[in-house]
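Asks: Below, each chain spelled out in residue letters.
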Amino acid sequence: DSGVTQTPKHLITATGQRVTLRCSPRSGDLSVYWYQQSLDQGLQFLIQYYNGEERAKGNILERFSAQQFPDLHSELNLSSLELGDSALYFCASSARSGATNYGYTFGSGTRLTVV
Amino acid sequence: SQQGEEDPQALSIQEGENATMNCSYKTSINNLQWYRQNSGRGLVHLILIRSNEREKHSGRLRVTLDTSKKSSSLLITASRAADTASYFCATGSYTTSGTYKYIFGTGTRLKVLA
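Protein chains in written order, with my numbering: chain E, 1 to 115; chain W, 1 to 114.
Simulated from the structure, these hints should not be mistaken for laboratory data.
By construction, the Cβ of each residue, glycine as well, lies at the ideal position given by its N, Cα and C atoms.
Among the clues, some could well be false.
27 Å max Cα-Cα, derived DSS-like pairs, lysine-lysine [stated by the list, open to error]:
(1) W:Lys56 with W:Lys111
(2) E:Lys57 with W:Lys70
(3) W:Lys26 with W:Lys70
(4) W:Lys70 with W:Lys56
(5) W:Lys26 with W:Lys56
(6) E:Lys57 with W:Lys26
(7) E:Lys9 with W:Lys111
(8) W:Lys26 with W:Lys69
(9) W:Lys69 with W:Lys56
Partial chain W-side listing against chain E, Cβ under 7 Å, derived [what the hints assert, rightly or not]:
(10) Gln33
(11) Arg41
(12) Gly42
(13) His45
(14) Leu48
(15) Ile49
(16) Gly98
(17) Thr99
(18) Tyr100
(19) Lys101
(20) Phe104
(21) Thr106
(22) Gly107
Extracted from the complex, chain E is given alone in its bound form (with noise of 0.2 Å):
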């Protein structure tokens, strides 16, 4: 158990849904990462929040969103699914934002199928 919990596992929609996929990092971390890895692919950079503030933005679809609660969790809201967003989502944290010595901690991550 890394300390960073995803929720849930696993989820199958149907095209044009919406569906949000939450994330508990690890105690006393305040910056959160969600990250897509689809089949045979390396991790895409979706977003970053620092304590409940967006930092940064990678290659976020305009249909995907996401925000960061006062207690730390963040969810990821993906609308209008198609078939191409099945993927792993990942959730990662750090204890702080900008460069950090120790890595981020991944959850387990989100299996999103779309069918």
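Guided by the hints, dock chain W onto chain E, whose structure is given.
Replies: Okay, now just chain W, sitting in the frame of chain E:
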């Protein structure tokens, strides 16, 4: 776009052999990390090397960094079946907007045969 590109994409070796995988990147970095991912699982941080370091060791892992060639290598010595996984490099750098982020490569799939 990917910053790091791992090479080879896939590697198959016998238990006890050494495994070497390489990572090349395009822009200046602050540090570089290596992660391991077991099939379908989350990534586990292995080792971080700063841009002013050339070599770092952690147990059976040895990482080198050549900033002039914009490349890094990960060596796993005396490999074990349990080392079977995908290995990713992640380069950390500041963006033009002043934010900092890590960009992951496409990974090397290592299979260690017992």
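Asks: Which of the listed hints are not met by the structure?
Replies: Those not satisfied are hints 15, 16.
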